[in-house]
Every structure is written in C-alpha cells, then in structure tokens.
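Q: Sequence:
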Amino acid sequence: MQLANRHPHDSAPRGIFITGTDTGVGKTLVASALVRCLTQRGIDVGVMKPIETGIPPSPKLQTDGARLRKTAGCHDPMTEVSPYQFRLPLAPLSAAQAERKTVLVTTIIRTFQTLLQKHSFVVVEGAGGVYVPITQLFNTTDLIYRMKLPAVVVGYSGLGGVNHALLTIQALRGQKIPILALVLNQRQPVLTKTASLQEQSTVTLLRRLAKVPVLGPIAYSRRYNLHWDEGLTHLSETAAITRLAKLITASGHETPSRRR
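If you're matching positions, the sequence shown starts at 1 in our numbering and goes up one per residue.
Misleading hints may appear alongside valid ones.
[Unchecked claim] When the alpha-carbon atoms are kept at most 20 Å apart in a straight line, the in silico SDA-like pairs for lysine to any residue are as follows:
hint : residue 1 : residue 2
1    : K211      : P178
2    : K118      : H75
3    : K176      : S201
[Claimed, not checked] Pair by pair, the computed Cβ-Cβ distance ranges are:
hint : residue 1 : residue 2 : range
4    : K211      : E237      : 33 to 43 Å
5    : G174      : L104      : 16 to 26 Å
6    : K193      : K118      : 27 to 37 Å
7    : K118      : T192      : 16 to 26 Å
8    : Q117      : G42       : 32 to 42 Å
9    : R208      : K118      : 18 to 28 Å
10   : L159      : H227      : 23 to 33 Å
11   : G174      : P77       : 15 to 25 Å
12   : L197      : T106      : 18 to 28 Å
13   : Q200      : H227      : 38 to 48 Å
14   : Q40       : E99       : 12 to 22 Å
15   : R207      : K70       : 27 to 37 Å
In short, the hints are calculated from the structure, not lab data.
Ideal Cβ positions, reconstructed from N, Cα and C, are used throughout, including at glycine.
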C-alpha cells in the first residue's frame, strides 16, 4: 500500500527493523547476533517478531521470537514479543486467513510502544521480504514506516543477491524509510571457484551500487544449527555485527541507554 504524504522520520528512533531480501536469508541469525552484541555492551534490549508463521507444533522447537527473547535475556510475555503466530508456513496474510484471523497493524504498533516503555532499544524482525502482505492493505514497508524505524536489510551474498538487494533497497527508499546497512550472508558454503567468484562479484557490485554500508558476508557455518548459543556468541564478535552495532549506537540514529 502506498501511503500519501509520506515524510522522512523526524526524530531518532529507539529501535531497528531487520528485514530481508527474501525468506530464509538469515534475518533471525543477524537479529539475534545484534541483540547479543548490544546486550554484551550493557544495553537494555527488547525484541519483537510481530508476525511469525510456520510455528512448529512441538514446544521443544523454538520459534524465532522465542530465540530472540532468550538471546535478549528479557522476560516479556510472548504475546508482546510475537503478538501474531500462525501454524502454516505461508505469507502472513495467507497464514492469517487460513486460521480465519486478521492482523491488526494498530495492535502491532501498540505492542511495540509497550516494549519501548520497558527497554532502551528494541530490535524488530520482520517476516519475509519488504513487499510481503500482512493485511489486504498493508505490506512490510507500511509496517516499518508506521513503526518509524530505520531498516537493516539482510541479503544473500551469492548469485542473484545483487538484484534482490537493490530491489529491496529501492522499495524502502520509495517509502522514505532510512536504511542503516545491508548485511550479506552466505546461505550455503562456498565450495567452488565459480561460487567464490560469484560472491566476490555480488559484494563488489553492491558496495558500489547500494549506497548504504555493506557488511559481511557472514560465513556459512553449521554451528548455528548445531550449537546455536555458541555460534551466536562467535557471530556477535565478528566485524559485520560489531560494525552494525557501532552504526546503531554512534551513527546518530540512536544512542541507547545502558542497563540500570
């Protein structure tokens, strides 16, 4: 939905919205590592995954929202961290319709404001890409704008990553949403000379064309699946994530308060 009379954000936000060029590009990984990095600096961080689909039936399998909350070490109820959860792994609008439910943007905004009252800074992770519909009239760009947050884009570092990243950046800029950085992630190991050349080309072109800080690529590692917490600690100390944290705390977007 294209909202009329859009304008740039007037004041420094106390949060960041992690979006992606696609589903499965590593948004939760980057968001969690950022949360870990910020909390290690003594910053009181809240987390939010406003809409989550594909909720596993077994309580033993952690949702993205639950992982974010555990990483932040906060005790906010899951109804605030993830106000809308749906079973089917579909786009939010379709997943909600399958359960005969409606996502209310006003509910998401109100819940976000509640988290802002509890924490110095809130990391929000979106579902899918920027044009994913969340209601009949709103997509993710509309939600980011209504939340008055700058965006961090997570993208794929391999072949095809240039097109996806530039389209996403263009969509956000079209809605006057500030973009703090583009974080590139390896979705699979780079095992061949051709794959390595493709990644180098993607990174080079995006650093030239994106006109935002390009961080990474974050190297693929099985440890994130096998040993999540250990892998997260390692990732939170890498150049890509520490620089992202510095951009947030020192770029003028916001300087979060320390934990009391």
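Q: Would you mind marking each hint as holding or not holding in the structure?
A: The hints, checked one at a time:
Taking the CA atoms of K211 and P178, the gap is about 12 Å. The hint holds against a cut of 20 Å. Restraint check for K118 and H75: satisfied, since their Cα atoms lie roughly 10 Å apart, inside the 20 Å limit. At most 20 Å may separate the alpha-carbon atoms for a hinted pair to count; K176 and S201 exceed this at roughly 28 Å. The given range of 33 to 43 Å is broken by K211 and E237, whose C-beta atoms sit roughly 28 Å from each other.
Roughly 25 Å separates the CB atoms of G174 and L104, a value that falls within the hinted 16 to 26 Å. Range check, K193 to K118: Cβ separation about 50 Å, and the 27 to 37 Å hint is violated. In this structure, K118 and T192 break the distance hint of 16 to 26 Å, their C-beta atoms being roughly 48 Å apart. Range check, Q117 to G42: Cβ separation about 20 Å, and the 32 to 42 Å hint is violated.
Between R208 and K118 the Cβ separation comes to about 41 Å, which falls outside the hinted range of 18 to 28 Å. In this structure the supplied range 23 to 33 Å holds for L159 paired with H227, their Cβ-Cβ distance being about 29 Å. For G174 and P77, the hinted distance range of 15 to 25 Å is not satisfied, since their beta carbons lie about 35 Å from each other. For L197 and T106, the hinted distance range of 18 to 28 Å is not satisfied, since their beta carbons lie about 48 Å from each other.
Look at Q200 against H227: about 29 Å separates their beta carbons, and that is not inside 38 to 48 Å. Between Q40 and E99 the beta carbon distance is about 38 Å. The supplied range of 12 to 22 Å is therefore violated. A C-beta distance of roughly 34 Å is found between R207 and K70, which places it inside the suggested range of 27 to 37 Å.
In this structure, the earlier hints numbered 3, 4, 6, 7, 8, 9, 11, 12, 13 and 14 are contradicted, and the remaining ones agree with it.
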